[in-house]
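In the numbering used here, the protein residues as written are 1 to 374.
No wet-lab data here; the hints were simulated from the structure.
Take the hints with a grain of salt, since some may be wrong.
Stated by the list, open to error - Label-pair distances were calculated between CB atoms; the ranges are:
#  : residue 1 : residue 2 : range
1  : 231       : 347       : 21 to 27 Å
2  : 248       : 327       : 53 to 59 Å
3  : 121       : 254       : 36 to 42 Å
4  : 33        : 145       : 46 to 52 Å
5  : 187       : 107       : 20 to 26 Å
6  : 155       : 347       : 16 to 22 Å
7  : 74        : 121       : 41 to 47 Å
8  : 10        : 153       : 54 to 60 Å
9  : 107       : 314       : 20 to 26 Å
10 : 183       : 293       : 26 to 32 Å
11 : 259       : 183       : 42 to 48 Å
12 : 254       : 333       : 39 to 45 Å
13 : 114       : 370       : 37 to 43 Å
14 : 327       : 10        : 35 to 41 Å
Claimed, not checked - As a list, the in silico EDC-like pairs of lysine to aspartate or glutamate whose alpha-carbon atoms are at most 20 Å apart:
#  : residue 1 : residue 2
15 : 342       : 373
16 : 327       : 287
17 : 297       : 350
18 : 297       : 335
19 : 9         : 250
20 : 61        : 373
21 : 9         : 370
22 : 61        : 39
23 : 297       : 370
24 : 61        : 370
25 : 297       : 287
Note that the structure is a prediction, hence the values are computed from the model and not measured.
Yeah, the Cβ is synthetic: ideal placement off N, Cα and C, and Gly gets one too.
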Amino acid sequence: MTGGGAIAKTPDRRALNRALLARQHLLQRADLSVSEALERLVALQAQAARAPYFALWTRLKGFAPQALSDRLEDFSLARGTLMRGTLHIAAAEDFTAIRPLIQPGLDRFLTEGGVHGRALAGLNPAEIVAAARELLRRGPMTAAALREGLAERWPERDPQALAMAARIGLPMLQLPPRGLWGRSGQPTLAAMADRLAAARPGFALADLVGRYLAAFGPASVADAQAWLGLTRLAPIFEALRPSLVRFLGEDGVELFDLPGAERPAGETNAPVRFLGEFDNVLLAHEDRTRVMSAEHKRRLYTANGIVRPAVLIDGFTAGRWRIEDGKAMSTLYVELFDRPAKAVARTVAEEGERLLAFAARHAGGDVRIDVAET
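Between the sequences and the hints, there should be enough to build the whole structure, so can you do that?
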């Protein structure tokens with residue numbers, strides 16, 4: 001199918017679901033390296049330290065946590081602030097290319113009407129960025145130390161607001177051991193320019209939109225804006241229109257996609273999958289009905305912005321999970337939103353056992369499945 005022609009057949013919710021799962025390697029685990037997977041997925045949410053590991057475990061064949069940790073330690077992958085001002089992991093060359101493109105979205109965190117903007121009224125943000133850059137030239141600093149260093153320069157100002165201005169205006173990385181499997185440490189920061197090579201030339205916002213569609217399409221302008229944390233992307237889509245396939249969603253919203261992208265039939269089988277916290281599947285669209293209902297969203301999203309680990313059954317959210325490591329045994333607690341058929345419950349338990357084998361502190365363990373009270 002070539003782009004730029006008439007609007008193609010309207011995809012229903014299941015068809016959009018299967019397209020998303022196929023591109024996210026959730027219909028079938030992919031035989032890819034960590035680096036190859038990141039190339040296809042663009043970036044992984046990483047504000048929960050183990051979330052990227054769960055994301056790759058559920059998508060890749062034979063994934064070993066050390067494969068991701070090693071790439072973070074050698075800086076072929078980078079961990080820092082990207083889309084929507086949240087922590088992500090991306091390939092180093094993607095990180096440096098994407099970071100300047102999303103700057104307008106990050107700048108909104110410092111608007112005059114916002115809490116940090118009001119706290120910084122009258123200050124030149126460029127001076128805060130310059131001060132942070134000078135501090136980091138001395139070497140990596142913990143987030144607390146950077147905040148204290150900025151507070152010494154502006155003692156009358158809110159240290160949190162100063163640190164936010166630095167984080168927004170100066171591209172930084174969080175350094176290992178933060179984010180490594182089985183290890184931890186205080187968030188320690190370095191300037192991106194001190195650790196990564198300069199961004200490759202010629203990578204533009206249109207290229208980023210194309211990468212988004214490859215990983216998450218078909219999608220609307222609003223969907224892309226929601227994931228990237230940007231506004232005013234309509235002109236980018238208009239410029240790309242001749243090269244894209246167009247659809248109308250069931251709600252009449254125009255959707256765009258790459259001509260050769262995977263779009264399996266809605267009847268395609270979707271296996272049980274366990275998603276970690278903040279999984280991209282749950283965050284990549286403004287309209288998330290292709291993967292969850294409004295009722296399920298209320299059960300998975302907390303008031304303070306946490307997106308809980310989710311269970312997918314037949315491609316859609318069907319519950320949440322957590323692992324508790326006791327002194328002698330680890331237990332996976334699965335809370336399903338509706339009572340499953342016995343065969344489905346067995347499949348959930350089997351996938352849960354594989355998850356425990358991957359992530360639990362103790363060998364063996366127990367999978368407990370309950371149905372949530374309404």
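So, going through the hints one by one against the coordinates:
no.	hint	verdict
1	231 x 347: 21 to 27 Å	violated, 42 Å
2	248 x 327: 53 to 59 Å	holds, 56 Å
3	121 x 254: 36 to 42 Å	holds, 40 Å
4	33 x 145: 46 to 52 Å	violated, 35 Å
5	187 x 107: 20 to 26 Å	holds, 22 Å
6	155 x 347: 16 to 22 Å	violated, 59 Å
7	74 x 121: 41 to 47 Å	holds, 42 Å
8	10 x 153: 54 to 60 Å	holds, 57 Å
9	107 x 314: 20 to 26 Å	violated, 41 Å
10	183 x 293: 26 to 32 Å	violated, 38 Å
11	259 x 183: 42 to 48 Å	holds, 44 Å
12	254 x 333: 39 to 45 Å	holds, 42 Å
13	114 x 370: 37 to 43 Å	holds, 41 Å
14	327 x 10: 35 to 41 Å	violated, 55 Å
15	342 x 373	holds, 19 Å
16	327 x 287	violated, 42 Å
17	297 x 350	violated, 25 Å
18	297 x 335	holds, 14 Å
19	9 x 250	holds, 10 Å
20	61 x 373	violated, 35 Å
21	9 x 370	violated, 40 Å
22	61 x 39	holds, 16 Å
23	297 x 370	holds, 19 Å
24	61 x 370	violated, 28 Å
25	297 x 287	holds, 11 Å
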